[in-house]
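Enquirer: In my numbering, the protein residues as written are 1 to 385.
Keep in mind that the hints were calculated from the coordinates and are not lab data.
A few of these clues could be false.
Keeping only pairs whose Cα atoms sit at most 20 angstroms apart, straight-line, the calculated EDC-like set for lysine to aspartate or glutamate is [stated by the list, open to error]: (1) K217 <-> D198; (2) K217 <-> D168; (3) K217 <-> D136; (4) K217 <-> E344; (5) K217 <-> D202; (6) K217 <-> E305; (7) K217 <-> E232.
Label pairs and their computed distance ranges (CB to CB) [claimed, not checked]: (8) N375 <-> V184: 29 to 39 angstroms; (9) P182 <-> D222: 15 to 25 angstroms; (10) T275 <-> Q329: 21 to 31 angstroms.
Heads up, the beta-carbon is just placed ideally off N, CA and C, and yes, glycines get one too.
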Amino acid sequence: MLRLWTPHHAAPPPPGPPTQAPHSRRGAAGGGRPKGKPAMKPISRVLRWLLPWLALLGMTGCNLPQPGATATPTVDLTAVYATVSGLPTATAVPPSTPAHTPAATISPQATTPASPPPDATAGPPCNMAAAAPHLDITIPDGTVLRPGQPFTKIWRLVNAGSCPWTPDYAVVWFAGARLGAPTVVPLGVQVLPGQAMDIAVDMVAPPRPGAYISYWKLRDADGRLFGIGPGEGSPFWVSIIVQVEGTATPTDTPTSTRTPTFTPTPTPVVYAEGTLTLSPDDQVDLDGMALTNTGADIGYTVSPEGAHQITPLHEARLGVYGLAPPSPQDCANAAKAQVAVPLEPLSPGTYLCVQTDQGRLGRLRYQGLEGDTLNLEAVIWEEGG
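Please model the entire structure based on the sequences and the hints provided.
Expert: Below is the structure:
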């Protein structure tokens, strides 16, 4: 560091005899320098002018790096502010040393058991059957048989549930005409979920002509009944028509030469008829051909799984007849029951016989489904045909 040096004035000489001042050219009256004010020397003027600059230089010299010391970097704040102000707001640059951020406090949560999945995704029930693409392997609806003719009905069903059908499962008679069959027929084999099985039951046509229907269901090893679709399900059935064959008359022994005469069959009297277009949960009074919730004879329902069925209500009865249109007498002889009839196994054009809660006979012609809309043709006859 530079040190400022200031010269000291010389000590005054010791007192002595007075000396005579030299004579000035200008004389005493020539305006000489006043007494007591010494003349300023040129060096003092220079020092007075240099003194502020020397002080500034000394102060600056104190900040110069010393030998062996490491210079401390300085930040140009003006440049930094200019850089930050030029950045987009959405992409602000964080400082090189991030400020301390307090950690988030996590409140303890009570552990709750996982809720069961909704029924829509819970999977199939343990026991449930489904109709195979070709349900009726033998004896389709409306098959004509002779009185007393033996036959074997075979259904092809699919195990649509989640449990296997063990050999202890059985097919059992549920409602309608029994048709000479045993009431219980064990499966005898195991059917895994997703597998199909042909179920055969030996039957015999009744001796009396007419239309007959027999309803059947499955039973598990614990005695629970189930059928096609969820829950208790719908039964599957066999529908036949029993007719008497004509007996040929021998030609060598004619008994009569008279020309046979035929008595015309009277035309049945129609009490009510119409075309029905039904939506799910509609109920119909067939005697009045009207939608109603009171006095209805049939109801149309669709299950959550999409199974469509017609159910007889109150005292009405219903049964599948076949593809040929039945007469009042045919429906009088046909087997009818208070059992729901699933529509998926039926072919469009299939006839059903019905008896209303007022005792009138009639027929329904199944025309098919359009989505969930059911189309039927209905004819109800006067009592007595």
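Enquirer: I'd like to know which numbered hints this structure contradicts. Please list them from smallest to largest.
Expert: none
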